Structure formats: structure tokens, C-alpha cells
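Turn these sequences into a full structure, and let the hints steer you where they fit.
Here is how the chains run, residue by residue.
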Amino acid sequence: MSDVLQTMLKIGGLWKSFAGFVATRDVSFELKAGEIHAVIGPNGAGKTTFFNLITGHLRPDKGSVAFEGRDLVGLPPQRIVRLGIARSFQRINIYPRLSVFENVQVALIAHEGQQWNLFRPGRSLHREGTRELLELVGLAAEATETAGELSYGKQKQLELAIALASQPRLLLLDEPTAGMSPQETSETIASVRDIVKARGLTLLFTEHDMSVVFGIAERISVLHHGEMIASGAPDAVRNDPEVKRVYLGNNAHG
Amino acid sequence: MTLTMFTLNAFYGLALAMNMFIIASGLNLIFGVLRVINFAHGMFYMFGAYIIFTVTKTWGAPFLVGVLASAAGLAVIALAIERLLLKNLYDKEHLMQLLFTFAIVLLMSDAAKMIWGTDQYSVGYPPGLGGAINLGFVLLPQYQLFLCVVGPLIAIAMWLLVDRTRWGRIVRAATQDREMLSALGVNVPMVYAAVFTMGSALAGIGGALAAPRVALVPGMDATIINECFIIVIIGGLGNLWGSFLGALAFGFVVQFGTVLAPNWQDVLPYLLMLAVLIVRPWGLLGRPEAGR
Amino acid sequence: MPQRNQLIASAALVVLLALLPLAGSRYAVDLTTEVLIYALFALSLNVLIGFTGNVSFGHAAYFAIGGYTCAILLTTYRWPLAISLPAAVVLAGLVAAVVGYFCVRLTQIYFAMLTLAFAMLVWGVAFKWKEVTGGDDGFTGINLPAMLTNHVSYFYFTLAVVTVAIAALWVICHSAFGLTLVAVRENNVRTGFIGVDTRRMRWAAFTVAGSFGGLAGALFGMYHRGMYIENAFWTESAQVLIMVLLGGMYSFVGPILGAATLHLLQVFTNQYTTYWPTVLGLILLVIVMVLPDGLIGLVSRVKARWGKT
Amino acid sequence: MKISAIIVAAGALGAGTAFAQQPVKIGGMYPLTGGGAVYGVPAMAGHQLAIEELNAKGGILGRKIESIERDDKLNPSAASSTMKELITKDKVDIVLGGLSSAVGLAMSEVSKQEKVVYIATIPKTIQMTTDKLHKYVFRTASNTDFEGDTMSLLAGRYKLSKLCNLQLDYAYGNDLEAGIVKTLGKNAPNAKIVLTLKPKLGATDFNPFIPQVMAAGCDGVLSGLWGPHFVSWVKQAKPLGFFDKIKWISGGEIASHEIAGELKGDFPDNVISNTYELWYHAQDPSHKEFQARLAKKLNTQETPQWALLGYVGVMYAAAAMEKAKSTEADKVSAALEGLTIKTPVGPLTIDPKSHQANMGQFWGPMVKKPDRAYRMMDPVEYIQPK
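Protein chains in written order, with my numbering: chain A, 797 to 1050; chain B, -1 to 290; chain C, 4 to 312; chain D, 1056 to 1441.
I should point out that these hints are in silico values taken from the structure, not numbers from a laboratory. There are no misleading hints in this set.
List of simulated lysine-lysine pairs, DSS-like, C-alpha gap at most 25 Å:
1) Lys133(C) x Lys1187(D)
2) Lys1351(D) x Lys111(B)
3) Lys131(C) x Lys1253(D)
4) Lys1253(D) x Lys133(C)
5) Lys1190(D) x Lys1441(D)
6) Lys55(B) x Lys1423(D)
7) Lys1378(D) x Lys1167(D)
8) Lys133(C) x Lys1237(D)
9) Lys1187(D) x Lys1441(D)
10) Lys1319(D) x Lys111(B)
11) Lys131(C) x Lys1187(D)
12) Lys1378(D) x Lys1080(D)
13) Lys1241(D) x Lys1441(D)
14) Lys828(A) x Lys858(A)
15) Lys1167(D) x Lys133(C)
16) Lys1112(D) x Lys1378(D)
17) Lys1319(D) x Lys55(B)
18) Lys131(C) x Lys1237(D)
19) Lys1187(D) x Lys1386(D)
20) Lys1352(D) x Lys111(B)
21) Lys1424(D) x Lys55(B)
22) Lys1112(D) x Lys1380(D)
23) Lys1119(D) x Lys1380(D)
Which bits of chain C does chain D cover? Going by a derived footprint, with three or more residues having C-beta under 8 Å, they are:
24) 140 to 151
25) 224 to 234
Just so it is clear, the structure is predicted and the values come from calculations on it, not from any experiment. Backbone N, C-alpha and C fix where the C-beta goes; we use that ideal spot for every residue, glycine too.
Following this line, the structure appears as C-alpha cells:
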């Protein structure tokens, strides 16, 4: 739908502080449609805050967030989702007491705006779409299980399915492989990339695992103490002296 | 309103606030740490009043002994309730705890009827506090002055205990993260038991201190529980000084409101809560609870 | 299919109830009428509690608004029942919508206390607006259509209205709307991020709950031929809350069971002892300690919670 | 014709003898739990005493009396349900009791629908015997008009001029105020109400009101503050010397021993009030006898006044059934109209038009006695409405 070279998300001069602690400091950032973009940085660098500011969970003190030319600042999460931005969470954020199937089903209902339908039985809706999404993320076999009882990795997969149910153009994944085994990680990453490419999505994600980051990211941005210190192609970032000093240097050898 | 009347009303508002604070502070403490909505708190208050009646009037003990007996009596009752029953419920739905405290209300109301019958009782003022002090332009009842002293004393004592002692730090930590505290080797169940006991003893003291001013009758627990909740809520849940402020707001609004708009007196406390919650949804000194 | 079984069981229950007057016990008929009304009242509250996860301490307000409105329209204005009853439901729903607008901005205990505050205002209005409501003397002598003055006909009327209302609530609770409400209850934040305005959902649930609560109140007032300010008092809100918790809030039928159990317990223990609070208290204790899911947990321990059919 | 008459008579006789085995069922409802139990429990004791006495003498119409007693929970809807239960399940012949106005009116509504006689033994609201009067409701308690009339009479007698009217803000208070205002001009032409205050029902804190009364410069208060309200008022007003200058004329039975015996030395001076019954007042032999039996039942000499109300209600029910020679509601209702019976406080008559008994009350000032720890009424005057 959008041109590959077009700017999808444009962030300018973003500030956010909590009781004096500056979590996001004058961050400017651009995301091209269709790219796979990683945001990295040590713990506490402000990655999650950055995501929260984009998706409306937090409101920036200053700055602008434009999605496809539309200002997002001040919009509540549900409006932003409807514009085409879906996200997953670093800490598992699903419906633990609903079945796996219902977790996705309810997201599809919401996407179709059917939450205001007082008459159609909820469980009869989008059965096909739900099944497809579960298959896509590899949870078809667990459809009837209670979501909270799934393994950690599978709950992460479920998060992905819920996010995809909103049919986003931009997908934000906050540490999609956190807590996974190396085996699960590589599987997840492969499947995420396939899905993103197959559906023509734009992906913005944060990640700890540098092999994952450099494995799939087309562009990488580095946050440090709330500041965006570098942004560019993987090689350029890898060789950026500032990045080496504050981040890669510490982590890669520590 | 003349100066005399204004002074009197302000003073009475303060006295009411302090009496309510003493009762509500215990409820606030229990809610803040245990997250239990204790509907039985009003019943504890009533028991406090009845116990001081028995101790001072039937047994002839001095007033102060009566107050201590009320505190001790409620501490024992509360400890028994917590250790035998309530401790098993912390992991369950909050609403199950609510149902539990309601069951306690029912059981204790009948227990009170069996022990004290249905007659109405009254407790005398402690000697030396039954009169009034003449300031020239206004008479101030001594007992209410006494309450105005006791209330802040209790507030300061609680503040010292919670803010300035190791035990207090543990209690405050328990309000934040129970699992973490447990991992750090703190005996959390004992902290919970102690907090429930202490909060309930405060209800007992509140009842004992209210007793000389009011008639003791079955059902005296009913409105007090709502008023305590209002004070705790408008102050900000779990916040000691919030409850103090909430009690002051309650005292002055009820006193002046009743004088100026007697037609609204039945719903004044609720109007106050409405106004506060619409303007400051988390109470005067409360903070929004992060996320969920 | 279990759903079909449920439908058959429900239909059988309604038929069985419809046969009750043939047994000839006037008392049983009256008691069942009361239970039906309380069941609807408890179910209406559970739209908020069980399905949305919002505990209201002031649900009696809508019960009272429904009851008074119907009573006043029938008696003071001599409107026909066919208009008075819907008007009562609409007014209860409207007031719930206005109150809900403010309440859903808050959550948890703050939400509960705000509902309580508004409900006490409703009580205050019923108390002070003596010319219209009769104040604390109550509004007695409600003018019923002649065909409903007989206890059996009123029972059938109640049975019909309550059955339809419960069916409607069932449809609503199991609709896409209902499922989304459960999502709001289970995870408010996540539900925002799938594109749902959770506050508006809760607002809608509040309004639905208030409307059906109003219907229950209207039936109640006509049954007693009187509405009293006590019906709006917070103790009444607490009572219906207990019915819901007792029955089991995560199940659709739980509150019906809770309403029947609590009401019948109160009636029967009062027949044997003036220490009925002790009896009731002990029973509640047992339920709390042993049956955390309410009575419905006892009935269907094997069944998983809402979510698995 | 003749034969059929005989058959009918025989049938009636047969039915009568079969019926004789059946007890007369009397339903009694008072608040027995919560806030109303203070009054309901003693009233129920009087109710039971009357039934015990009647049964000892062979019951009513030669049939034993079965007493069915229930808690009205001080809640009109609950009372309405319970009364229906008494009528439809227990098949009671008559229902007695009630305390609050709303419960009384709710019970009256059931009595009207179900066509069962209800005798209100405590509720005083005037509506019950005026606007909402019907064939089956009767009252053997006093009412707010009687009480108001006597209070204004006393205001005149004590030559009070500036009055403060102090009533609780609910049905009883409002009705009592109306009763006072109606008769004040006639009974106390020199008196004027300069201030009217209405604390809420159930108030425990009277500080918003006490200074206002003191500042208004009244020489008398006409009060309807009953029970715990009065006690709380006293506890809060006395330290200010409130009762030193102000004469307190009160309805609401605060001169009863339940309050005087509890407040003892704290009971203020200058109080003139009423009570239904006085255990220390030797009036006539029947009263002494009643008092002795009640004292035995309750195991105290200082018996509460409320028992009398429960007692008189039952006695009226029994007398009416005896007079009607039936327990049928229509006949009992007809028999109650104009019925005069002897009670421990003297003869009472139910007015056939208003269904209201001329139940009087003891009135008088509460005074210190050298040999008693508590105050007593002296002189006592039994004032009965005309």
C-alpha cells in the first residue's frame, strides 16, 4: 500500500521524564515503510518508554510522533492501534484466564469493531481467522488451552498473534525473544521475519540478543540514557565509535 | 455566623475529625498493607465501645484502663480472626475477603447481642473532662479538646512507627511487593498479622474514645464503616497523612455543612467523596496505581 | 453440544416453574416470585462485576430508580403498565449512563466508592423528595392493572419478564460485546492495545447493568405494592453484591444461584431463630473458606472458568 | 327451608368443633436484630407474656394460641415479605407489631391486600390512621397528634414563650412537628417557635445543632429526639450547661427507665417527658399484677416500657376475637371498632372512625430522688387523649 521508500513513522524532539528522571531525551527518529528496524541499548536505556510513547501508553512531555503523516501525540492506545500500529509487550501481556483461541478471537473482534455487537455470539466470530493466525505463529495445537498455562515462549508467540490480529502496517515488538532458549529464539525470529515479509509489514523491535539484531535488522538505532546516539545500517552502527564505547564495548565483552 | 459560632463550629469539626481519624487510621493501615476491604472495622469500633462500657461501668475500672482494655480486646479478637481464618484468604479474590469480613460482621453482631443484650448504654466522661473551658467568648467542652490532642498524637505515633522504624519499613515494603519481601527473608505472614491486629486495636480505641459522647446501641457500627471508608478514600488509600487530611475534610464539611445546609446532612459525606473523586480520582494525597 | 443442553435445561426449568402454581402453595409462588426478581437483580450487577471486573457498591440505586419510576407512573400518573415499565427501565438506564460516565474514569475500590456515593445521592433524593416518592414513609398503594393483582398472575408476569430479561442478558454476555468485556476484565491495558476503548466498554456495561437493575426494581415494587427508601440504601447494594459473590461471579448462572440461596436462607433462618445473622455468617464463612468460586464452584468443579465451554 | 337451615347449622357446628382443635394463630413482628432491637426485643417480650397469660386461661374462644414471631429487620420490604409469609404459609389470623413508620405502613399495605387484620402496636405515624386508613388496620399505640397536643399543652403549662422545635428529620419527626404546630396556638397562646432544627435520623453527633439552640435564647425545647439520639445530645450538650436554663419537653418516651437508669447522674435537669409504662408507678392492681409478671419474665424489677405495647396489642386481638366469636378478619375488624378493654394502664377504647386507640402516656418532670441513683418522674400524670 505504501511506497517502500516512504517515511512511515517520524519522531521529532521527543522528551519524557518521570519525577525528574529523564527517560527519553530529545529523540528524533525516522522509520521507512517496509523496513525491519531494531532499537537497541542497555537495560534502562529507555527502549520500553520509547515504545510506550509511540503507542500512546505514555504521553510525551514534548515532541512529535507522526505516523504516515498523522500526529499521534495525545491519542489513546486504542486509536493508535486502529491507525495500524500494533505492539507486543516485554512482560507477557495476554489474557491468562482465557483460552488461547479466545485471546486471538477477541483481538479480531476488536479489530473489526464488533465489540459493540450485543447480539452476535462472540465465540462464533472469526473462527477461521483465529485459526489462521494461530497456525501462523505455531499455536494451532494449543488453541483450547488456557493461555496462562502455556510455556513462556508460547505465550510470547500468542502475544505476536494478538498483535497481528489488529492487521497492523507497523508492528512494534518489545523484546520478542526475551527469556527464550536459543532454539526458540531462532525459530521465533525466523517466523517473525517470514510473517513481516509475507505481509509487507514494517517492523520495529527491541532486542537484547545481538545475534538476532544483526541477523535480521536492516537498520539499527541505539538508545543510551534516553538519547538516540546512533541510527543507521547495521555495519555503520557496529562501527560507530560512540556505540562501541557505551554499549557494544560493555556488552559484547562483558 | 458570629465569631463565637464560627470558632465553635471549627472546633467541633476538628474534634469530629480527630475521633474519625483514630478509627479510620486503622482501616487505612489494614487496607494499605493487606489490601483487605475490612467491612468488620465498624463492628470492631462497636466492640471497642461496648468493652469500655463493661470495664468502666460494670467493673468500675478507670477510663484509661477501659481504653486499653478496648484496644487489647480488639487486638485479641483480630489476631484470632487473622490467624485462624483470614490468613488463608490473602491469595484469593479480593471480593472473597470482602465476603469474609461481612460474615464476621454478622457473627459479631449476634455475639454482641448475646453478650450485651439489646439495651442501650452510656459511658461517663473521664473525671476532669466532663465540663467545658471558658475562653470568654466561647465554651469549649474539655472532652472534645482531649480528642483534639489524642488524634494528632496517634497520627504522629503511627508516622514514627511506619516511617522511622525498621518494622515500618517492612510494612511499607509489604504494601509494594509481597513476594520480594518474602524472598528477602521477612516473615510476611507475621507482618500481616501484626498489621491487622494493630489496625483493629485502633478501631477499638476509636470506639472507646467515642463512647462517652454517644449512646451505645446495636447497629452503631453501620454508618461508621461507610464514613471511615469515605475518609480513607478521599485521603488516598494507604496514605496515613491522607487519612488525616481526609478526616479533617470530613469533620469540617459535616460540621459546617450540617449547620449551613441541614437538608443535605444525610448525604454530606457522600457529596464530599463525590467532589473529591471527580476532581482528584485517587484521593487528596493518593497516587494512581500504576498499570494493572 | 453443551450449549444445546443448557438451552434445554433452561427451558425445562422455566416450564417447571410455570407449573409451580398447580402445586397449590400460595407461599411457594410468592417466594419464587421474590427469588426470580432477586435473580434478575443479581444477574444485572454481574454484568459489571463478573464480566467487566468492576465492583459496584451502589447497584441498589438503579433498582430503586426502576421501582420508584414504575410505581409513580402507574399510581400518580395512572399510566398503563406497558409504558410505565419500559419507562422505568429507560430512566434507570439513563441515570446509570450519567453516573457511569463519571465512575468508569476510576477503577477498583475508587470506582466502587464512587458508585456508592452516587447511590447514596439517589437514596437522599428518594428520602427528601417526599411529595413524589413519599419520603421515608415509602410509596405504598401501587396501582397495578387488575389482571396482575392476583398472586398467580403476577407470578406468571414476573416469570415471563424475568425469563426474557435473563435470555437477553445471556445473549449480551455471550455476544462479541460480552467477550470483549471479559477481555477488559482480564486485562484492561492489553484490551486498549487491540483497539478497544475500554472506558467506553465499561460505561456501556454500567448502563446495561443499571437498566436491568431498574427492571428488577420495577418488578419488586409492583410485587410489594410499595417502594421504600431502604431499597436504595447501601445495605441493599451490599446484599445483591453478596448474592453475586455467593453464587460465583465468573459464571453466568452463578448469581441466580446466589440470589436464590441467600434470599431463601434469610427467609428460612428467620423462621427458626432470631440469631439468623449467626447462621448466615457461618454459611458464608464456609463458602469463603471452602468454595472460593462461590456455589457454582461446588456445582461444577470440573468445569473450567468462563472461557471454556 | 327448615331442613336446609338445620343442615347448614349442623355443618357450621361440625366445622366449629373441628375448628376448635385448631389453635388461634397470632403473628408478631418486631425488629429483633440491629438498631431497632432496643425496642423490638422488649415489645416482643410483652407480646409473649400476653399470649402466655391467655393460654394459661384457656386461650381465645377456647382454642389455644399459637404465637408465630418474626424479626421485621426494620426494613419495610423484608417486613412485607415476612408478613405475607405469616399469612400464606403459617395462616395467621392476625398480625401485630412494627416499630418504624415505614414498616408500619408496609405492613398496613399487606393487611389491606390480604384482608388480614393488622394492629400497629408501636408505629406512630399519623398517616396510618388518616390518609392510608383502611378496614383492617388498627393502632393501639399513641400517635403523633396526641403526643404533639400534650407537648404544646405542657409548653403552655410551664409558661414557656420562646421555643425551639427540635425534631428528627424523618416521618415521625415531621408528623410530631405537625401535631405540635396544630395545637400550639390553642394550648400555649403565648409561646412562639423561634427556631426549628432537624438533625438526621441516626445522628450521633449533635454538635452542629447544640450551639444554635443555645444562641437562639430559647427558654424551652420541644423535642422528638428519642432513645440514643437523646442520650447523645445529652452527652454533648451537658458540658456546656445546656440544661441549666432550657426546659426540655420531649416526646419519644425519653423519661423511660431504660434511659434514666443508664444515664443515672448524667440525666439532665429540666426534662419533662413521657413514657408508656412505669414500673415504679403503682396505679391500680391490674398494673401491679402486670408489672410483677413482666418482672418475673424478664428477670428484672426495672422493666422496659415497650413490653406494655406488645402486651396491649395481643390483649386487643384476643378481646376482639372473643367479641366477634370468630377469628375471621372481617368480623374481628368490626369487633375492634369501638372496642373498650381493660389494660394495665387503664381502660382503652378504639375509635371506630380512625381505628386509633386512646392510648395515653405518663408525663412528668424527671427529678432527683434522695434514695435513688437515677431520676424518676414525679409527679406523674397519665394523660389520655379525649
